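Using the sequences and the hints given, assemble the complete structure.
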Amino acid sequence: MRTLLASALLIAALSGCSSTSDFLRPYRIDVRQGNFVSQEMVAQLKPGMSRDQVRFVLGAPLLMDVFHSDRWDYVYRFQPGKGQVQERRLTVIFEDGKLLRLDGDVRSEEVGAQ
20 MRTLLASALL IAALSGCSST SDFLRPYRID VRQGNFVSQE MVAQLKPGMS RDQVRFVLGA
80 PLLMDVFHSD RWDYVYRFQP GKGQVQERRL TVIFEDGKLL RLDGDVRSEE VGAQ
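Numbering (the working numbering), first residue to last: 20 to 133.
Hints listed in this document are in silico derivations from the structure and should not be mistaken for laboratory results. Owing to the predicted nature of the structure, the values given are computational and were not obtained by experimental measurement. One should not assume that every hint holds.
Below, computed lysine to any residue pairings styled on SDA-like, alpha-carbon distance capped at 25 Å [as the list claims (entries may be wrong)]: (1) Lys-117 with Met-68; (2) Lys-65 with Leu-81; (3) Lys-117 with Val-50; (4) Lys-65 with Asp-124; (5) Lys-101 with Val-50; (6) Lys-117 with Glu-59; (7) Lys-117 with Gln-72; (8) Lys-65 with Gly-116; (9) Lys-65 with Arg-90; (10) Lys-101 with Gly-116; (11) Lys-117 with Leu-81; (12) Lys-65 with Val-50; (13) Lys-65 with Lys-101; (14) Lys-117 with Leu-82.
See the structure below:
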């Protein structure tokens, strides 16, 4: 009887040490990658702005394709230690060196969006 009781207590104690316990998981840092672009930053963009003005507002783009020189891509990814991954993408399209439109997750009402 004592063996059965000891076995039951041991099983109950070990069941609290399952892999879903936060106590046994290693600490994971928050990982931020890319350019964070806020709605306030996008609201400052106006059609016809030059590349330098856009770079001043948003910062340097993460991706500049040599084959598509009129397109800048701002990509942001936030992976918290605990929780869901968040991703944002903003594409800035120029025509003749002037801001034409924006595509992506963060938009402004003044700049044409598709």
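Going down the list of hints, with the structure as the test:
1. Proximity of Lys-117 to Met-68 is assessed by CA-CA distance (about 5 Å); at most 25 Å being required, the pair is judged to hold.
2. At most 25 Å may separate the alpha-carbon atoms for a hinted pair to count; Lys-65 and Leu-81 meet this at roughly 21 Å.
3. Restraint check for Lys-117 and Val-50: the C-alpha separation of about 34 Å exceeds 25 Å, so the hint is violated.
4. About 17 Å separates the Cα atoms of Lys-65 and Asp-124, which keeps this hinted pair within 25 Å; it holds.
5. Only pairs whose Cα atoms come within 25 Å are accepted, and Lys-101 paired with Val-50 is accepted, the gap being roughly 11 Å.
6. For a cut-off of 25 Å, the pair hint linking Lys-117 to Glu-59 stands: about 20 Å separates their Cα positions.
7. Between Lys-117 and Gln-72, the direct Cα distance comes to roughly 10 Å. Compliance with the 25 Å bound is thereby established for this hinted pair.
8. Between Lys-65 and Gly-116 the alpha-carbon distance is near 13 Å, which keeps this suggested pair within the 25 Å criterion.
9. Taking the CA atoms of Lys-65 and Arg-90, the gap is about 16 Å. The hint holds against a cut of 25 Å.
10. Under the criterion of a C-alpha separation no larger than 25 Å, the hint pairing Lys-101 with Gly-116 is inconsistent with the structure, at around 42 Å.
11. Among the hinted pairs, Lys-117 with Leu-81 is consistent with the structure: their alpha-carbon atoms are about 19 Å apart, no more than 25 Å.
12. Between Lys-65 and Val-50 the alpha-carbon distance is near 31 Å, which puts this suggested pair outside the 25 Å criterion.
13. The suggested pairing of Lys-65 with Lys-101 is violated, with an alpha-carbon distance near 37 Å, which exceeds 25 Å.
14. At roughly 18 Å between alpha-carbon atoms, Lys-117 and Leu-82 fall within 25 Å of each other, so this suggested pair holds.
Taken one by one, the earlier hints fail for this structure at numbers 3, 10, 12, 13, listed in ascending order.
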